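Engineer: Chains as they are written, first to last, in the working numbering: chain A, 33 to 325; chain B, 675 to 1010; chain C, 54 to 290.
In case anyone wonders, no lab produced these hints; they're calculated from the structure. Since this is a predicted model, take the numbers as computed values, not measurements. Watch out, some of these pointers could steer you wrong.
Listed next, the stretches of chain A that the computed footprint assigns to chain B, with coverage defined by at least 3 CB atoms under 8 Å from CB atoms of chain B [claimed, not checked]: (1) 66-80; (2) 86-100; (3) 200-214; (4) 240-251; (5) 301-309.
Each residue gets a CB set at the ideal place from its N, CA and C atoms; glycine is no exception.
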Amino acid sequence: MQSFLGIFDIYLLEAVINGILLGGVLALLALGLNLIFGVIDVTWICYAELVMIGMYGMYYLVQVFHLPYWAAAPLVILLVALLGAALHFLVIAPLLTAPPINQLLATGGVLFILQSFATVAFGIDFRNLGIRLPVLALGEMNFSYARLLSFGAALAGMIGVYLFLTRTFTGTAIRAIAQDRQIMPLMGVDPKRIYLVTSAIGGGLAGLAACLLVLQYDVHPFVGLSFGPITFLICVLGGLGNFIGGFIAAFVFAEIISLGGLFSDLEWGYVLAFAFFIVMMFIRPAGLLSRRA
Amino acid sequence: MNRQAAGAIIGLLALVALPFVHRDPYHLHVLVLILIWSFAYTSWSIMGRFGLVSLGHGGFMGIGAYVTALLWNHLGVSPWIGIPLAMATAGVLALIVAYPCFRFRITGHYFVLVTLALSGIVLQVITATRDYTGGSLGYTPQRAPSGKGLLALQFDDKTTWYLIALAIWVAGLVIWRAIDRSMIRHAMEAISEDEDAAAAAGVNVTAEKLKITLISALMTALAGALYCQYQMFISPDTVSGIAVSLQMVFAAIVGGVYVALGPTVGAVITIVLAEVLRISFGTKAVGWDNLVYGVLLVLFIIFLPKGILGSVIDRIKSPRKPSRGHEQQIVPIARR
Amino acid sequence: MTGMLELKSIDAGYGSFQALFDVSLNVRAGEAVGVIGPNGAGKTTLMRVISGLIRPTQGTIAMEGTDVVATPPHRIVSLGIAHVPENRRLFPRLTVADNLKMGAYMPGARAHYAERLEFVFELFPRLKERLQQMAGTMSGGEQQMCAIGRALMSNPKLLLLDEPSAGLAPVVVQQVFELVKRIRASGLTVLIVEQNVQQVLRVVDRAYLLEAGSIRAAGSAAELAASDTIKQAYLGV
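Using the sequences provided together with the hints, build the complete structure.
Structural biologist: Structure representation (structure tokens):
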């Protein structure tokens, strides 16, 4: 009995730590969505599909064009950043004065487009990078280097965005525009430019997430569906546009998924997370940090 | 008004008579699909027209289909009982998710994202319980022994299915009309206009929204069950998940959500389009139809937010007004 | 001597509501000019038209000969026009430092960021102490300083002040008008809109009376202060 509990604890600890590692990438995705929502007041339903395109980008650069991983990653981040800017320019910008729900549904159309584009262009086969990173054994616990790397890179990405937002003029304008849109021209700020830059950053974050997720998961046209919904729940629970709330909620959800997955399949972790979310809506309807517009 | 009623009756009689005159099985098949999906899209629009944009309906449809089939296969429960049970399941889930949403005024983006997650989760559950549901490979209700077709709600005859689907579709329109003429409509319109004002005027906002959500979810689950019984094959991707939810929104928008026949027009356009694409591209069409769907959806939202039927009716009613003039307020698909 | 800012026959409004009718005025370099009038006379609209937040339906605006109406709103600051909006409109959840930074957003102003900051601190030493405080948590007077400081960060030639005394305690109002004098002394041209007629006529050279969207009177501050109509309606004498 005693020894059983000992092993159990090790597994539990491993799951907790893996949850934290997963939380990093989820927090990265939530940050991207929150940034776009906070600044432009739209939600990109197709956000996870941008990640999917980025994962295919990594697959092709690494497997087909034989680029090393470290060279392919910046290209993919740039590619998805451009995709984000294009999404804003082509779909959101013409709808800026339309009701917000229309903008949101239009990005739903883009979700269709990206999924079916991937189906047409890449087929429905599961593909992977063929890179197998070793596993770090700590005592009786195992952690994949892929997860550790993802966590580190996600954290670095978030710190990078934080520095950009706090240290640069454009970053300050991005934070300011969410607080008072109308007077931005008085500061000499062209909101259109800020929107475009924000969309590119949001895309870039999706690109970074793609580079990290592709280390752990196979890519297929519908891979976005497996982490898109969870990202939305995180953003709603943390409060849309609330960076800190999203960050905390990401780790809460990651723990639930990781611990739920300990007892059965990963999908049940998602179900638990959703159940938790519904319960939280009753307890704290205004979100984790209760600052909602 | 009378002329309109007469027209509707003649049209309906023509639709009933159709399978006895035109027996092409492929055409009947497409018509059955159109009727079933029209019913599903109408169900969505019953909520959507009041600004309750749900992306969770893929979940309700999936529940309707899977619960009915699972009860039949594993417990031998006839769909005659299974379908009401499946509808009840969807209804309960709808209430569980919708109650906190409405009670705590979760609207706009938040509501869309919550419901979106709901349909995503239903898809995950169907996939996760692959030992029972067959997972992403799909699921087939067991064939009933011969002579038990009625009990199992399984018919080989396309004409029978056509008439069933027609009846359900008409029922959907009747429900739409009933809501249109009831107090719920006024209450919901007041709510979508301004929730606080409606509440101040004595409207029980939460209760009214829940009512309309419940009706919509029950109908959607029925559509899912019918689809399953007709196709005798379901997979998570075709009856549940975000893609199906978006498909409903898309068709409803293309047709127009403010007119009773709008969702039907949307179903005709999208299904005919999908069939045409499927036939002209052959097996290479996988994905192409959705690609066109997506592009059209985006274009529609940008250029024709009222849908085809809504825009046409607008133009007939006030021909001088341009459909998207600068002065004219652009009608939202849904108010926030 | 031609004007720095010249408005000719301006009509403007919101949607179908017209707020300004055939308004012409000019501000010469180095002057302080006031626009006085009751609530709802169109004073704020006038300021917004000049800084490009709303576009006139008729008429022309020129800043040192440049057509303001043809300039995109976010480039009007570069012409040397800085607008301190009604109710200050600071970014409440940004620090004072970030608010000031936003004032220097234009490429032209960024280059002189450090020296402008020094200039603002000289005028408002209080802001230097509050740099890391959220702007929304400061007192009304401090917020007004910050709003004016933010506008000065863009190194403007013309400062538009919209109701700088609104919502402030009487003692603070006094301070704000003292500040306006000091800003003038530093060589800036000022166009100020106020309901507080008595105070504003003490700091400006000339003033216009705006009523129901039209200019009803114009003259030197002394002339207006002496005019019977203004005495009765606005000075309560």
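Engineer: Each of the hints needs a verdict: does it hold here or not?
Structural biologist: Here's how the hints hold up against the structure:
1. 66-80: Per the Cβ count (3), the hint holds.
2. 86-100: With 0 residues in contact (Cβ-Cβ under 8 Å with chain B), the coverage given for the stretch 86-100 of chain A is violated.
3. 200-214: violated (count 0)
4. 240-251: Since three or more residues must qualify, the claim that chain B covers the stretch 240-251 of chain A is violated, with 0 doing so at under 8 Å.
5. 301-309: Coverage by chain B holds here, the residue count being 4 at a Cβ distance below 8 Å.
Hints 2, 3 and 4 from the earlier list are contradicted by this structure; the remaining hints agree with it.
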